[in-house]
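Asks: Protein sequence lines correspond, in order, to chains S and B.
So in the numbering used here, spot 8 of the first sequence is number 8, and the numbers just go up one at a time.
So in the numbering used here, spot 182 of the second sequence is number 182, and the numbers just go up one at a time.
It cannot be assumed that every hint is accurate.
[Unchecked claim] Straight-line distance between alpha carbons at most 25 angstroms, and here's what the computed DSS-like set of lysine-lysine pairs gives: (1) B/K25 <-> B/K196; (2) B/K128 <-> S/K283; (3) B/K141 <-> S/K283; (4) B/K186 <-> B/K73; (5) S/K283 <-> B/K142; (6) B/K142 <-> B/K128; (7) B/K116 <-> B/K128; (8) B/K116 <-> S/K283; (9) B/K73 <-> B/K142; (10) B/K141 <-> B/K128; (11) S/K209 <-> S/K221; (12) B/K186 <-> B/K141; (13) B/K25 <-> B/K76; (14) S/K410 <-> B/K116; (15) S/K209 <-> S/K283; (16) B/K76 <-> B/K128; (17) B/K141 <-> S/K209; (18) S/K283 <-> S/K309; (19) S/K209 <-> B/K73; (20) B/K186 <-> B/K196; (21) S/K309 <-> S/K221; (22) S/K209 <-> B/K25.
[To be verified] Cβ-to-Cβ under 8 angstroms is the rule here; a few derived chain S residues that face chain B: (23) H99; (24) I306; (25) G363.
Read the hints as simulated data drawn from the structure, not as lab findings.
In this text, all values refer to a predicted model and were calculated from it rather than measured experimentally.
For glycine and all other residues, C-beta sits at the position ideal for the given N, C-alpha and C.
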Amino acid sequence: MLRLLSKMEVDRRLVGLAVVLLIIWVGFDIASGGRFITPRNIFNLSVQTASVAVMACGMVLIIVTRHIDLSVGAVLGVLAMIMGIVQTDFLPQFLDYNHPLTWVLTLAVGIVIGAAIGGIQGVAVGYLGVPAFIVTLGGLLVWRGAAWWVTQGRTVAPLDQNFILLGGGIEGTIGATWSWIVALIAILAIAYAAIMERRRRLSFEFPVKPVWAEYTNTIIKAGLVLVVIATLNAYHLPTRAAERLLENKGIPVTPENLEISHGIPIPLLIVALVAIILTIVVKRTRFGRYVFAIGGNPQAAELAGINVKRMTVAVFALMGVLCAISAAISSARLQSAGNDLGTLDELRVIAAVVIGGTSLAGGLGTIYGALIGALVMQSLQSGMALLGVDTSLQSIVIGLVLVLAVFSDKYFHRRYSDPSA
Amino acid sequence: MTDTNITKDPLVEMRDIHISFGGVKAVDGVSIDLYPGEVVGVLGHNGAGKSTLIKILSGAYQADSGQIIVDGKEAKIENARDARDNNIETIYQNLALADNLDAAQNLFLGRELTDKFGFLNEAAMEHKAREVLHRLNPNFKKFTSPVSALSGGQRQSVAIARALLFEARVLIMDEPCAALGVHETKMVGELIDQLKRDGLGILLISHDLHDVIDLSDRLHVMKNGKLVGSVRTEDVTHDDVLGMIILGKMPEHLMHLAGPGATNAPGSSPDAPNSQTSEIGK
């Protein structure tokens, strides 16, 4: 079996994670009498994971460069408050309420301020040489305090009608047809990438995977896409919401018309976009290569002419941008921005990244690992909530799982273990 | 590459280099030179200033005063990039490889090949890496493993290949055989011989006498930031060199080569004409 996997050049750690996730899902499904693996629950799970997943993608880069960011939850909080004020108090002075540009401008402001906040922390780490742990621990307090200052603690609500679509919810999805189109594009992209990679390797006469392995890989990936999309499409809108939607559009309300699929929730689409872009950045650009080089040997990176200080600033600024996106998702989901939004998110994000196989020693980590890590964390939490487990017991279990995950990773894989050995 | 026997001009000369750190004169008026196809050892105790001197050449430090002359022209070397622009490559003691990256990724670190969209062209880099490494070490197979999975000798091959890839003409090797086994030390020795045949000039820094004497054509010996003397390896015995390192004195039978002030440069060699004399004790 292991030999088969290595022939297919599949990351063994990824398989391990997927198996763990499967065990958790099946376990909860059995324990809850079939209520866990349902279209509805999987839809909710994807929406609940989105905010942490987006930040986890950035945290991978931070941890790979041997830093840490403890401030992400607080930065999310302050950015959500700022974006809340921008869309409810500031922009309505110039635009109508629920103007189609409001959400774009709001998000843009959030992203710019997020980049600035991250950049400032990056300068403190890179140029001033203060350890990232301290800078971002300070940041945690500073930005949480700043979140309160934005409105003197008042919760901002209601948010812009279009902005709240970023949080998913009944209308924050793209519907069945578009979901199938996205699936088609994804499958074509998967096949295209596999063909191009093979062709490139062949043009240099490098060894390639056997053809059957290429097919199996591609079919498994495409199959996964189809299963996910089919599941999300199988979750229908509640009858009353469907009725309202049909009435708004002037379509007669009949039993078959009422079967309206949710499709892909917008936050999940955002996660996919962020993850794809960052994976390309990590694997195919100089920036990504330098991030890993710095993590592997900062001195070597410096000697190779890489500007390590500037890279540090860039990585932290990127983290700030992702915090802004997460802030939009989570405040939109709650349809309000409170100053405690994102509390303890830094720990969820770091836990997700570490469960996903990123080494705290730096130099090693993957975006997709972090995504699965985030899903594992959220699955545990949702599953226990579904079973009615005490919140205090939930924390205990999640804490233990985190430690266990890192231990098993250390035990089963040596650091930078040789995949061919 | 340059033909060894025709070129008489040094590849690199460092003239009258001074540098001090907080009042301590780490390098005090030292001059050395290096010719194509030549391996020159720089010897001395810890703290003799040999590493500091070399770091000035590789751009890690800047001299307080003195000249660096590359191919007969004065060169300004203010950072590692300047050194590289002058075809001077340094292979550091800690190997300066990123352990988590594979051989090709390390070879091209900081100078990646990209396609027309600005994305990394991994295949082209791996292709070139295979070519260069094969020339250096035909047994090298682990192209896709992180370099942490390689043996010390293989890692050294990667580090040297990295320098070759960018057409280094002067190679600075800081303790190339530190932490290597007997077999691997031999392998590095063979590598150095091959580079020499290709017409590169190599500066070896080490405090292991055996390695350096076996590999070098000439030796520059330093003590307390000053040059004790420069000798041809064939003219001296182990004990002579030890005396130079420990006592800071030229061996008796070579005293005639010593210039004023007991510091000297060797003469009478067609490859290494007596071109400079360092002055100390100002």
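Asks: So, for every hint listed, does it hold in this structure?
Replies: These are the hints, each one checked on the structure:
1. B/K25 <-> B/K196: 33 angstroms, violated
2. B/K128 <-> S/K283: 19 angstroms, holds
3. B/K141 <-> S/K283: 23 angstroms, holds
4. B/K186 <-> B/K73: Since the Cα atoms of B/K186 and B/K73 sit roughly 36 angstroms apart, the hinted pair is violated (cutoff 25 angstroms).
5. S/K283 <-> B/K142: 20 angstroms, holds
6. B/K142 <-> B/K128: With Cα atoms ~14 angstroms apart, B/K142 and B/K128 stay inside 25 angstroms; holds.
7. B/K116 <-> B/K128: 18 angstroms, holds
8. B/K116 <-> S/K283: Since the Cα atoms of B/K116 and S/K283 sit roughly 16 angstroms apart, the hinted pair holds (cutoff 25 angstroms).
9. B/K73 <-> B/K142: 41 angstroms, violated
10. B/K141 <-> B/K128: Between B/K141 and B/K128 the Cα gap is close to 14 angstroms, so the pair holds against 25 angstroms.
11. S/K209 <-> S/K221: It holds: about 16 angstroms lies between the C-alpha atoms, which stays within 25 angstroms.
12. B/K186 <-> B/K141: 19 angstroms, holds
13. B/K25 <-> B/K76: 22 angstroms, holds
14. S/K410 <-> B/K116: 40 angstroms, violated
15. S/K209 <-> S/K283: 19 angstroms, holds
16. B/K76 <-> B/K128: 31 angstroms, violated
17. B/K141 <-> S/K209: 17 angstroms, holds
18. S/K283 <-> S/K309: 21 angstroms, holds
19. S/K209 <-> B/K73: Given pair S/K209, B/K73 is violated - Cα atoms ~52 angstroms apart, limit 25 angstroms.
20. B/K186 <-> B/K196: Since the Cα atoms of B/K186 and B/K196 sit roughly 15 angstroms apart, the hinted pair holds (cutoff 25 angstroms).
21. S/K309 <-> S/K221: Given that 25 angstroms is the threshold and the Cα spacing comes to 38 angstroms, the pair is violated.
22. S/K209 <-> B/K25: 59 angstroms, violated
23. H99: Hint violated; S/H99 Cβ to chain B Cβ min 36 angstroms, cut 8 angstroms.
24. I306: This hint holds: S/I306 lies near chain B, its Cβ roughly 6 angstroms from the closest one there, short of 8 angstroms.
25. G363: Status holds, d = 4 angstroms.
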